[in-house]
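Asker: Produce the complete structure using the sequences and hints provided.
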Amino acid sequence: MIEPALSARSLARHYGSGATRFDALRGIDLDIARGESIAIVGKSGSGKSTLMHLLALLDAPSEGSISIDGTDAASLSGSALNRLRNRTFGFVFQQFFLTANASVLENVMLPLTIAKVPRRERRRRAMAVLERLDLAEKAKNRAVDLSGGQKQRVVIARAIVGAPSILFADEPTGNLDSATGQVVEDLLFGLNRDEGITLVVVTHDEELAERADRRVYLKDGVVVDQLDVRTVSAGRHA
Amino acid sequence: MSFVDILRSAVANSVRSRLRTTLTVLAIMIGAFTLTITNGIGTGVNAYIDTQLSSIGAPDVMNVTKPTVATEETDGPAPYDPDGAAEISAATGPPGSTVLAMDDSDLDAIDGIDGIESIEPLVSVRPDFVEWDGNGMFQLTVSEFSAGVSLDLAAGTGFDQSTDELQIVLPTSYIETLGFADDEAAVGETVQIGITEATGAQQVVDATVTGVQNPTLFGVTASMNDALTSALYAVQQTGSPAAAEPEYASATARFSLDETEEGIQAIKDDLVDEGYAATTVSDQIGTFQAVVDGIILVLNAFAIIALIAAGFGIINTLLMSVQERTREIGLMKAMGMSGGRIFALFSSEAVFIGFLGSAVGAGLAVVVGLVVSSVLGTGLLAGLDGLQLITFAPIPLAGVFVIVMAIAFTAGTLPAFRAARQSPIESLRYE
Numbered sequence: 011m012i013e014p015a016l017s018a019r020s021l022a023r024h025y026g027s028g029a030t031r032f033d034a035l036r037g038i039d040l041d042i043a044r045g046e047s048i049a050i051v052g053k054s055g056s057g058k059s060t061l062m063h064l065l066a067l068l069d070a071p072s073e074g075s076i077s078i079d080g081t082d083a084a085s086l087s088g089s090a091l092n093r094l095r096n097r098t099f100g101f102v103f104q105q106f107f108l109t110a111n112a113s114v115l116e117n118v119m120l121p122l123t124i125a126k127v128p129r130r131e132r133r134r135r136a137m138a139v140l141e142r143l144d145l146a147e148k149a150k151n152r153a154v155d156l157s158g159g160q161k162q163r164v165v166i167a168r169a170i171v172g173a174p175s176i177l178f179a180d181e182p183t184g185n186l187d188s189a190t191g192q193v194v195e196d197l198l199f200g201l202n203r204d205e206g207i208t209l210v211v212v213t214h215d216e217e218l219a220e221r222a223d224r225r226v227y228l229k230d231g232v233v234v235d236q237l238d239v240r241t242v243s244a245g246r247h248a
Numbered sequence: 142m143s144f145v146d147i148l149r150s151a152v153a154n155s156v157r158s159r160l161r162t163t164l165t166v167l168a169i170m171i172g173a174f175t176l177t178i179t180n181g182i183g184t185g186v187n188a189y190i191d192t193q194l195s196s197i198g199a200p201d202v203m204n205v206t207k208p209t210v211a212t213e214e215t216d217g218p219a220p221y222d223p224d225g226a227a228e229i230s231a232a233t234g235p236p237g238s239t240v241l242a243m244d245d246s247d248l249d250a251i252d253g254i255d256g257i258e259s260i261e262p263l264v265s266v267r268p269d270f271v272e273w274d275g276n277g278m279f280q281l282t283v284s285e286f287s288a289g290v291s292l293d294l295a296a297g298t299g300f301d302q303s304t305d306e307l308q309i310v311l312p313t314s315y316i317e318t319l320g321f322a323d324d325e326a327a328v329g330e331t332v333q334i335g336i337t338e339a340t341g342a343q344q345v346v347d348a349t350v351t352g353v354q355n356p357t358l359f360g361v362t363a364s365m366n367d368a369l370t371s372a373l374y375a376v377q378q379t380g381s382p383a384a385a386e387p388e389y390a391s392a393t394a395r396f397s398l399d400e401t402e403e404g405i406q407a408i409k410d411d412l413v414d415e416g417y418a419a420t421t422v423s424d425q426i427g428t429f430q431a432v433v434d435g436i437i438l439v440l441n442a443f444a445i446i447a448l449i450a451a452g453f454g455i456i457n458t459l460l461m462s463v464q465e466r467t468r469e470i471g472l473m474k475a476m477g478m479s480g481g482r483i484f485a486l487f488s489s490e491a492v493f494i495g496f497l498g499s500a501v502g503a504g505l506a507v508v509v510g511l512v513v514s515s516v517l518g519t520g521l522l523a524g525l526d527g528l529q530l531i532t533f534a535p536i537p538l539a540g541v542f543v544i545v546m547a548i549a550f551t552a553g554t555l556p557a558f559r560a561a562r563q564s565p566i567e568s569l570r571y572e
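One line per chain: the protein sequences are A and B, in this order.
Take any residue in the first sequence, note its place counting from 1, add 10, and you have its number in my numbering.
Take any residue in the second sequence, note its place counting from 1, add 141, and you have its number in my numbering.
No lab work stands behind these hints, which were simulated from the structure alone.
Incorrect hints may have been included.
For each label pair, taking beta carbons as the anchor points, the in silico distance ranges come out as [claimed, not checked]: (1) D39(A) <-> L160(B): 50 to 60 Å; (2) A138(A) <-> A500(B): 34 to 44 Å; (3) Q464(B) <-> D39(A): 17 to 27 Å.
Ideal Cβ placement from N, Cα and C applies to all residues, glycine included.
Answerer: Shown next as C-alpha cells:
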C-alpha cells in the first residue's frame, strides 16, 4: 500500500474544560492519499474547519496523531513545522485574505518571500503563475481593486506559487457567484487532475463536494459517512 | 523572510497608513528636536567655556595659594598669631576672600615638591595707561594670569615667553580706541605703557604688540609676556623700602605635560600637606562645565519625558497596526513564517518610525539651531565673541538617533510580542 500523504489517527480536539468543555472533534481516522481530491463536507459547527486546521498543522490535536509522509507531526520542531507549511501546503480561503493595499504580485510572492527566495527569482515564479491564471496584466494592480473571482484566482496563484504538494481549500467558492465559482472549481480540480496536487476541500456545498474523488461527511465531530466516487461509479475518472 | 525583506515590508507598512505614521512621527519629532537642541546648546556652551578657560592657563600649570586655616564656625575668631603671615586679598576665588601671603620661602617649599618643575610668583602689575602714536592715553588692565596662557587670538601670533623682547597682546576693543586701522594693522606696532614707581614718579615702557585677543568672559584685559611683566614689575618696585620682602597672593607652578590624572592629584595632595591649595585649569573648567552639564541634563530629562510619551504613541500605533493586520499575520504564520520573524517585522516598523522621527526632529533642530545661533550671534549675544550657542557634533547627534530608536524599539516590543504570539487559526477566524 502506498504511504498516505496525510494520515490522522483517533484525532480529537476539544476546547475548554469541565462543564464548559466543547468537543469539536471526537476520534477521527482519515488517510489522504497522494494525488487524490477529497471533500470534507459538513454543516457549520460540524468540526470540518477544525479538522482542516489540524490536518494543515495549524493547530495541535488534543488527542490522537497526524503523520505527514509517515512522519509524526508532533515530533517536528517549530522551524521544521514552519518549513513544512511553507513548502508542502497551499491555502485557499473563503475570505481570500489578500493584503488589500499591496499589489497582486506582492500578494502572490508572499510564500516565496517568507521562504527567502531571492527577489528576482520570486518575481519570475510569481509572474509565471499569474500568467497561467490569466492574471499577468493585473500584477501591478492593488488587490483591493479586483473582482471577487479575480481575487480568488490570485489566492490560488499564491497557494500554488511555492509548488506545494497539498492544497487546502476552505469554502473556496463561498463568496463567489455560481459562474465565477465554477471557474474557481475548475481551476482547483484541474490542478489536482493535471499536476497531481493533493486537494483537500472543506465545504458545506454538496455540488462542489460531488466533484471530489472522495467525500467525508462530518457531523458533531465524527465521520458519519464516506463516499468514494471511484468505487461507486468506477471508470468515470479513469 | 530575509532581513532586507523584513525592513522593506516594515517601511511599506509604515508608509501605507500614512496619517497614523505621520502623527506618531510628529510626537517623536518633538522629543528628538528638544534632545538635539539641548545637546547642541551643551556642546556649544562647553566648547565656548573650553576656549575661554584655556585663555586663563595652560594644561601644565596649577595655581597655588596658601589658604587661611579654616576656622570652624563655632570656634569664634582665631587667636592672633604674631608669626603668621599677613592675609592678602585673593587673586582668584570670590571677591573679598583672602589668602595668606606667600614669600620666597614658600616658593622654595613648593618647588621642593615632587613633580613640580618650576614655580613663578604671580605678580600683579598695575600700569597707568597705554598709548599709541600720540592718540591719547587709555587705562590698561592686565590679566593676572601670565604664565602658561593660551590666547583666543583675533590677529597676530601671541607672545613668546622665552624672548627678552617686551611683548603685549591687546584686547580687540583697544584697537580702534588706540587709533589702529584694524586688528592686523596693530600687530608689530610699538605702544607706550605708563607705570608709576613706588616713589611716585611715572615711567614709560615701550612694548611690541604681537597679537590681538578676543574678549573673554573674564573681562577685557591685556596679556603680557614674562619679560614685559618683569620689566613693569621692576619699575613698580623701584624705590620701595628695601626691607619689604616681596609678598605674593599666589604662584604658578608648572608640572610635566605628561603628568597623569593621578600624578596631578598626588602633587595637589602633597601641596595640601604642606599647607597650600592648588587648582589646575581643568579644575576651573570642570566647575563651570559641571554647572552647564547639570542644566543640560535637566533639559535632556524633559526631552526624554517627551520621548517616553511619544513611545506610548508608538505602542498605540503598532497595536492598531497589529489589530488591523491580524489576518495578514495569521496568513503569514500559516505560510510558515516564524513568530520571531513576525516580531522582527513589527519591531522594525517601530524602529523605522523612530528613525523617521529622529531624522525629522534632528534635521529640524540643526536648521533651527544654526539660524538661532547666527541670529543671536549678531544680536543678543554679540558681545560674546566666539560663542556658537548651539553647536552640533556628530557623536551627540548620533546619540539622539540611537536613544530615540532604542525607545521606539522598546515601545514596539509589546505590540510585536502580541503579533508574534498570535495563533494562526484565531487570526484567520478573526473578522
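Asker: Now tell me if each hint is right for this structure.
Answerer: Here is how each hint holds up against the structure:
1. Taken as a hint, the range 50 to 60 Å holds for the pair D39(A) and L160(B), whose Cβ atoms sit roughly 53 Å apart.
2. Judged by the Cβ atoms, the range 34 to 44 Å given for A138(A) and A500(B) holds: they are separated by roughly 40 Å.
3. Under the hint 17 to 27 Å, the C-beta atoms of Q464(B) and D39(A), about 39 Å apart, miss the expected range.
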